[in-house]
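Visitor: So the protein sequences, as listed, match chains A and B.
First residue of the first sequence? That's 353 in our numbering, and the numbers climb one at a time after it.
First residue of the second sequence? That's 4 in our numbering, and the numbers climb one at a time after it.
Honestly, I wouldn't trust all of these hints.
[To be verified] Partial list, derived from the structure: chain B residues whose beta carbon lies under 8 Å from chain A: (1) Leu35; (2) Cys70; (3) Gly74; (4) Ile88; (5) Asn105; (6) Glu121; (7) His122; (8) Gly123; (9) Ala127; (10) Thr171.
Since the hints were derived computationally from the structure, they do not count as laboratory data.
For glycine and all other residues, C-beta sits at the position ideal for the given N, C-alpha and C.
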Amino acid sequence: MIVNEKQQGIDRIISLLFWFVPLLITAIFIWILGDIVRGGIGQLNWAFLTTAPIDTGRQGGIAPILVSTLLILGVCLVVSLPIGIGTAILLAEFTSNSNWFGRLVRRSLDVLAGVPSIVFGLFGNAFFSKTLGLGFSILSGGLTLACMVLPILIRSTEAGLSAVPIEYRLSSASLGISRTSTLWHLLLPAATPGLLVGLVLGIGRAIAETAALIFTSGYVDRMPTSLLDSGRSLSIHIFDLSMNVTGGDANAYGSALVLILILLLINAIAAWLASKYNRSL
Amino acid sequence: MINEMTEIQSLMQIQQLSLRYQQKLAFQDITLSIPQNSITAIVGPSGCGKSSFLTCLNRLSDLIPGCTVSGHIQLGTLNIRNPKINTTALRRRIGMIFQKPNPFPMSIEKNITFPLKEHGIKNAQERDRIVEQVLQDVGLWSEVKDRLQANALNLSGGQKQRLCIARTLALQPEILLMDEPCSALDPIASGIVEDLIISLRQKYNYTIIIVTHNLAQAKRIADYAALFWVDGSCGRLIEFAPAEQFFNAPNHELTQAYVNGIKG
């Protein structure tokens, strides 16, 4: 009995610990969110979203910055999604684990995923802006972000594909269904949740990016008229307002709140898609 | 007995078939003729290569990494072992049912129409007709006719297995390979699937090769039976005979011991 009570006591302490850690993480998240909401909610109104910044951002809104951010993100996704899914299919379906080429690609991706964003920025500046002559533009920025997001996207899509049970492949083959159809109708749908996770992580990394964009998309805060225009992203705007512009704190908070709301929105859409997808299976 | 054997038309001839996973032999030197329009049961202890043997017959073994096959398999005029044959067409002629029921994560109807579309049946009415036909054949129609759009993964185990049989029948194969089709099911569902297998043979004259652990089941359904045994670590064919002889008066003492429950 004594041993039993002691064991129960230990169990209780351990389960308390297991509760404490997620609580701590949630608390930190709520603290940050609370601070940004408190500082930014006063700025947030329709005019803030629809007017251009005045007096280097101390006054006015963030309309051109929002448009630039979404354009950069759009370029990034249009480029990275097909390349990412294609590479994931190659890795998961057409190269075995022991294949030297597959191993090389996987290892390179894992290294790339850990490269600091400033390095991507310098690469983007040297390659897209200078060598390809795209200059400081939304296109350069989007392409640079695509390079950054690709490793995350590829690895999580690959994980999704590899997690599809072998039974599906075998039964599909035993019904005389071609490899392409199996991939298209069975494997890709089954890997969609993995792809969505990768997408959300990738977008999260892209939209929060500052360092890589300073050298590539630049920080002109005018409304862009083409993809070859320079455009300032929200994260750069926040950085600029809080570090370089005295008296810009209020609008920096407002912009940070908008950035967080966009992220939460993207997360919610992905969660909704995933659940809708699971129901319709 | 030997005369009786030769009178039966054999549909598929297997000669000196061996299979290796990397260096390890799974089974060796299997020579066997599969009689037409009958149920051939393959019995034997686990690890004797029964299931691996089945995967050679529809070339599913191609998909298993590190697996090499040697020997000869003839189906009519078709040399199944020829690396250049169209495996898609082959697998349409030789359907396969797996141990674990594995419907696709799609609706009940799509599970049947997806392979049909793949095999070029473009007419939707024709597909609907086949869906109803094969679901009737496996006795599932009355159970699911009102929810053809429901997810097949929500069916019970026995229903899933019958759906898998239905989607295979939809392609009108000549031979059905069944890899322990009842062993993952509860006794009642297992009984239903077993009756279905017998009816497929009686009503539609399918040629069925079934691998089973369950000796009593083999006795109930088989027209012919083959005993595989592990010799060292490699499977071999011990005896192949009409069921009557196999279970009552086997030639080999190992078969005798096995069917009497002394070994295996």
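Visitor: Which numbered hints turn out to be false for this structure?
Guide: 1, 2, 3, 4, 8 and 9
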